[in-house]
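Protein chains in written order, with numbering that gives the first Met the number 0: chain A, 0 to 387; chain B, 0 to 387; chain C, 0 to 387; chain D, 0 to 387.
Just so you know, these hints were derived from the structure itself, not from any lab.
Quick caveat: nothing in here was measured; it's all calculated off a predicted structure.
Take these hints with a grain of salt, some might be off.
Given that identical chains are not distinguished, each listed pair holds provided it fits within a single copy or across any two copies.
Using 25 Å as the maximum straight-line C-alpha spacing, the simulated SDA-like pairs for lysine to any residue come out as follows [said to hold, decoys possible]: (1) Lys77 with Gly302; (2) Lys77 with Asp91; (3) Lys77 with Arg304; (4) Lys77 with Arg263; (5) Lys77 with Leu39; (6) Lys77 with Ala197; (7) Lys77 with Pro163; (8) Lys77 with Gly192; (9) Lys77 with Ala102; (10) Lys77 with Glu335; (11) Lys77 with Pro160; (12) Lys77 with Glu132; (13) Lys77 with Ser94; (14) Lys77 with Arg101; (15) Lys77 with Gly371; (16) Lys77 with Ser62; (17) Lys77 with Ala95.
4 protein chains.
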Amino acid sequence: MSLPADTPDSEHRTGVWLIGARGSVATTVVTGCAATASGLHPPTGLVTETPPFAGSGLPALSSLVFGGHDTANGPLPKRAEELAGAGVLPHDLPSAVRDELRAADAEIRPGVRPGDDTRGEPELVAALSADIEDFVRRHRLARAVVVNVASTEPAPAATDPRLPASSLYAAAALRAGCGYVNFTPSTGLHHPGLADTAAASGVPYAGRDGKTGQTLLRAVLAPMFAQRALAVRAWSGTNLLGGGDGAALADPGAAAAKNAGKDRVLHDNLGSVPQGEVHIDDVPALGDWKTAWDHVAFEGFLGTRMVLQTIWQGCDSALAAPLVLDLVRLVARAHEVGLTGPRPELGFYFKDPDGGPSALAEQYGALLDFAGRLGDDRPAGNDTEEAR
Amino acid sequence: MSLPADTPDSEHRTGVWLIGARGSVATTVVTGCAATASGLHPPTGLVTETPPFAGSGLPALSSLVFGGHDTANGPLPKRAEELAGAGVLPHDLPSAVRDELRAADAEIRPGVRPGDDTRGEPELVAALSADIEDFVRRHRLARAVVVNVASTEPAPAATDPRLPASSLYAAAALRAGCGYVNFTPSTGLHHPGLADTAAASGVPYAGRDGKTGQTLLRAVLAPMFAQRALAVRAWSGTNLLGGGDGAALADPGAAAAKNAGKDRVLHDNLGSVPQGEVHIDDVPALGDWKTAWDHVAFEGFLGTRMVLQTIWQGCDSALAAPLVLDLVRLVARAHEVGLTGPRPELGFYFKDPDGGPSALAEQYGALLDFAGRLGDDRPAGNDTEEAR
Amino acid sequence: MSLPADTPDSEHRTGVWLIGARGSVATTVVTGCAATASGLHPPTGLVTETPPFAGSGLPALSSLVFGGHDTANGPLPKRAEELAGAGVLPHDLPSAVRDELRAADAEIRPGVRPGDDTRGEPELVAALSADIEDFVRRHRLARAVVVNVASTEPAPAATDPRLPASSLYAAAALRAGCGYVNFTPSTGLHHPGLADTAAASGVPYAGRDGKTGQTLLRAVLAPMFAQRALAVRAWSGTNLLGGGDGAALADPGAAAAKNAGKDRVLHDNLGSVPQGEVHIDDVPALGDWKTAWDHVAFEGFLGTRMVLQTIWQGCDSALAAPLVLDLVRLVARAHEVGLTGPRPELGFYFKDPDGGPSALAEQYGALLDFAGRLGDDRPAGNDTEEAR
Amino acid sequence: MSLPADTPDSEHRTGVWLIGARGSVATTVVTGCAATASGLHPPTGLVTETPPFAGSGLPALSSLVFGGHDTANGPLPKRAEELAGAGVLPHDLPSAVRDELRAADAEIRPGVRPGDDTRGEPELVAALSADIEDFVRRHRLARAVVVNVASTEPAPAATDPRLPASSLYAAAALRAGCGYVNFTPSTGLHHPGLADTAAASGVPYAGRDGKTGQTLLRAVLAPMFAQRALAVRAWSGTNLLGGGDGAALADPGAAAAKNAGKDRVLHDNLGSVPQGEVHIDDVPALGDWKTAWDHVAFEGFLGTRMVLQTIWQGCDSALAAPLVLDLVRLVARAHEVGLTGPRPELGFYFKDPDGGPSALAEQYGALLDFAGRLGDDRPAGNDTEEAR
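Full structure from sequences and hints, please.
Given below as structure tokens:
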């Protein structure tokens, strides 16, 4: 990564444009890519580094070049030090990869706040797109993938015709001809005003809302209950989140966006949504760590009442970052081989995917099939319809 | 069930011969079959009553006739009342199905205690087999399946040439020409002295050790960690069991047998066995209820340490009984269509199956394939080799 | 209990007037008192049956006579059968104590719904009081204690001058000269409009909101953190409740009332309220059972972050009923020996007590002291001020 | 701490002699004392820094001078770096207190391995004692306290007349005229061969086995069940420990020593030991962190079965270290004011204390009383008998 732009292999380098480029997830993505590419750490959590993906033609980790938008300031090396102080990153890692952090930091451009900006939507999209195109041009990148890892924004009112910030960034990605990944529950491309643009874009995209904890578990446990013909009566859960996402999701609108994805997993796997609520609490004392408690009340033979409880204690950034790298590599390669439009084969990564199966095991199967297709020499073109 | 032996449809009736016929699982099997067949309760927990099995030609629940061996006394209706008093069965159900309980009770024959018996092994097997054959003959059954649901016996010493009780019963099943299911971790057919007999038997069989709680969870969670490239460092667990099984498994030998199955699930799904132990505690105060706590220490991206914990609180008999009925129906139908030998397609049900995949989702897929094959009109014969 | 009114020892009998007399708690109170008084069950959960209370002069369980108000219909024996069907009561107990259930049922009078009633508050209070006085007179009771065990009502708006139903019942208790216990978080005597009446009433009273689960645990765990100088950073919790209380507390107003008590326990024991929220979810599938999960994030030496989690799975009625009987006996005896006004010595039983210490161990100490004072032959009069 | 020995206030300095001085607990004690004394960290977890102890005349943290015995090598600053790398200590703290770590490191003398040593017990004790006396003399300390924080040793066979290592160190402490604290379950002073020496020693001592996790919780929860008259039927638990203690306690003998203390807490608070086992598993992947799961099956009113579960996730060294500092200060001050023999007032800190109450709240009360007595100007002498 971050090779000088004039190296001979520049055509093989891939850009990663992060929306929310100074956040914890983005900082972990840049730090971890450097650490893994250089062999400082094994590729734990990177699905695309496992054997089934060896022949898929994915861009190498060392070929990724990072940039992005953010409305916040604060240099990336400093953000990495803060994460190390909080135990999210190994404490000597930020200094070991300081060059790569600085290089990415130099490619971060100011983000937009639509409400505070006097420019109209087209101007905003054009300005954001120009930042991305400039990044691609200066680094002579083969292509770039835009990834939304910004804090979750409140769900927009149904009657509001304005595009929320996440949709402006998504539109800019399309305009710049980049693949797009929405790792958050924010609107992104899921806005009626972008439907035509997306359909005509000629780029692959995937979303939304990365599946990193409670919903990941639900995607393996709900199928188990269904397969065993056990009747789930109530599925209740509480998420305790510190960090930026906890505060963002304390907004009831943002929580609603996130919970829609959670409910969908249960509905699609169980055939109906059982009783029970999901709470998302902002607990700043937890820092970047999150805890999810789930309580599943189910009935077995002859109506006997039983209970499964799960407690998931993870570090949000460490869970998200490798999936972001996976998605970047897969979408970049899909772009390279000519696949366009929504990629249901990537449902393995999302709470609220663009179609495809809903049980994790089947989603994994679909992902492996996709890995195989990506490895074929010259795909005959876009076969999205078949794949769905 | 338990129709008079001379009804016209006698050829369509299937015998269920339970080893441990007065135990909690067997009592729940008989009670629950009657309750479900008569429509008193929905078929919750019965996988074979779900749509994918509708065309498999399985024997109807109402066509099952029960009998069995047990070394204990105590009439089945009374056992059912005790289970109702303990909350394992709905409290008015034993009286509602008293006729069926009495009919099964009349078909229970005394079991054997090899150590206390002066007869040699061949005589013991012949006597047990004669009981089963007599049952089949008197009821004019199309066939019968023998199921071991007795308390777990200690693992026999490697140097002991004598067959343990579970193996005597298994040998009797083969001799009587019956399909055989070992729902416990006891030896059963897995004894070197029975290998040749089993190979020549011409009946289908399946085992061993029903997957009803902690291992069921492990069979869905371990694949999740593998698919996400997360590194499981330690998987620790504690099982609290009341009832007969708790006491039986307090014996270190019996616990060792059970734990071998648990370890196998982790090994086969993760590629290696992580750190951590499994404890099985006898806690009589829990009655027929069991609690399993699991603690999974895993590493994510950049070595970040995270934890998943699960707590499963279930009723052992209610979890096991529908699986026993499923297995009886599947093995009976396999027998009918001419399939013989070990059935790896039934790994969905077992901790320590006879081959086949190790992740629950794949085991479920194999089971559905099997359901399809059972529904074909005239199977071309035994294709065990292919199936494996 | 429920002796004919003309027996010689009528002067020693004590009335128990239950607001919400057909609810699960009240039904369990009546059933359990009969079962325990007659020796069918040991007095598990009854603190007043332990040795320290032997000399306190409390009314015997067999001397309690039950009646009450309820807006619902449905005979008490039938309610008890329903609870037995749900596993809340032993399934043969309702028939064993049917006479006592019938006797109590005959003494239940229709409750009031202030919003639907054309009578003014004074008339309503007078009518309710007349019901209680009539009960006392007909049974020639020495005295009676009125206990609110009705579903939690929404917290009234601060600007609403009208008395909520719980306060009307409380006023009726005072007017009838009865001791009063508020086992719920509803307003009861805690209404500014009742302050003068309460002060002048000459009866003892206690409240509010019985401490039966999560808050009970908090009252022992919070002191532990304080005593060990550990810094609690966040205390989060979720309660899953079925039954009537779950539905009542799904109302945000009612939940707010309940949570105020929970927060108070933390504040009084820790010196401040840590981060974290408390959720109360209505989960009808749980029936009368409740589950409370608590997550305590605390810091130890040098800021090391640690976590305690607790999971409490209990039956609400079985937890509440013995405490109601304890409180009735203690308040009746306090009344007998001339103690009046709020009784801070009973803080052991309440989330939001009328003064006294906040740690459970100290509350227990205060209760034992009180038990000693109740046993003194002729207390010199009301010494409430001293006791506080 | 670690002032030059010739400073004017040398008479006010107190020695802390740590057995196991290079272990995680000892390293955290030295690091944390320096960090707290210098104001780098608040005194979280130090009970003796709370207001009730302000007037007790305890030695200041800044007046403590560290030394000790250890059979291991490895400089203390390096050990602290390792702990920081594992997240046990703040990662910049070891360098901030390097001087203090070096000073303590210079005072660590080789420990003994009785089985590998040709010297007799008296010679070994004399040699160890000489190390301590030399330390006190060179630093002109007012006095010193010896604390055992070494790995747990297997319980000695009842028939073995030899003193285990922990008892040799304890004997050396007495011989050197030092107060003694046994923070581990090892034998220490609890050896019949040391009874007379201890009785005649004229020094205060306390033990054994610091109460830092599961047993701490049990000491607050068991009294709750007793006070509420709830019937505990089974109390089961599993401890997962990494670090040195996990490996040491994997030895069944060592685990037996530890579990005796745990059982004692239940017995003394509940009146009998309920069903259930306690497991201690060595899980190296957890490092210095430990997890304790407890499952309490209890019965409430009318025999209703309920369950409490607790999960305690803590850092062993961070939990133990402040208690060690507390004990050193309390025992040093007791020594100063002339108190001798076992100190039951310190039961707050131990699983298996030398008498005193068994509920944590009462133990805390006894500790506060003790703090008051220590603050009296000139105690009239040793009143141990009264105190018990």
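Against the structure, the hints come out as follows:
For the identical chains of this complex, Lys77 and Gly302 are inter-copy neighbours only, at 21 Å across copies versus 57 Å inside a copy, given an alpha-carbon limit of 25 Å. In this homomeric assembly, Lys77 and Asp91 come within 25 Å of each other (Cα to Cα) both inside a single copy, at 13 Å, and across copies, at 16 Å. Within a single copy, Lys77 and Arg304 get their C-alpha atoms only as close as 52 Å, which misses the 25 Å cut-off; across copies the closest is 23 Å, which meets it. Taking the closest pair of Cα atoms, Lys77 and Arg263 never come within 25 Å of each other, the shortest separation being 38 Å inside a single copy and 40 Å across copies.
Taking identical chains as interchangeable, the C-alpha atoms of Lys77 and Leu39 lie at most 25 Å apart whether they share a chain (20 Å) or sit on different chains (22 Å). For the homomeric pair Lys77 and Ala197, neither the shortest alpha-carbon distance inside one copy (37 Å) nor that between copies (57 Å) is at most 25 Å. For the homomeric pair Lys77 and Pro163, neither the shortest alpha-carbon distance inside one copy (29 Å) nor that between copies (53 Å) is at most 25 Å. For the homomeric pair Lys77 and Gly192, neither the shortest alpha-carbon distance inside one copy (38 Å) nor that between copies (60 Å) is at most 25 Å.
For the identical chains of this complex, Lys77 and Ala102 are intra-copy neighbours only, at 13 Å inside a copy versus 34 Å across copies, given an alpha-carbon limit of 25 Å. Taking the shortest alpha-carbon separations for Lys77 and Glu335, neither the intra-copy value of 35 Å nor the inter-copy value of 51 Å comes in at or below 25 Å. Taking the shortest Cα distances, Lys77 and Pro160 never come within 25 Å of each other, neither inside one copy (38 Å) nor across copies (58 Å). For the identical chains of this complex, Lys77 and Glu132 are neighbours neither inside a copy (27 Å) nor across copies (50 Å), given an alpha-carbon limit of 25 Å.
In the homo-oligomer, the alpha carbons of Lys77 and Ser94 lie at most 25 Å apart both inside one protomer (10 Å) and across protomers (20 Å), since each shortest distance falls under that limit. In this assembly of identical chains, Lys77 and Arg101 lie within 25 Å of each other by CA distance solely inside one copy; the values are 10 Å within and 31 Å between copies. For a Cα distance limit of 25 Å, the shortest separation of Lys77 from Gly371 qualifies neither inside one copy, at 40 Å, nor across copies, at 49 Å. Only within a single protomer do Lys77 and Ser62 lie at most 25 Å apart by alpha-carbon distance; the minimum there is 24 Å, versus 38 Å between protomers.
With identical chains, the CA atoms of Lys77 and Ala95 are at most 25 Å apart both within one copy (13 Å) and between copies (21 Å).
Of the hints listed earlier, those the structure fails to meet are numbers 4, 6, 7, 8, 10, 11, 12, 15, in rising order.
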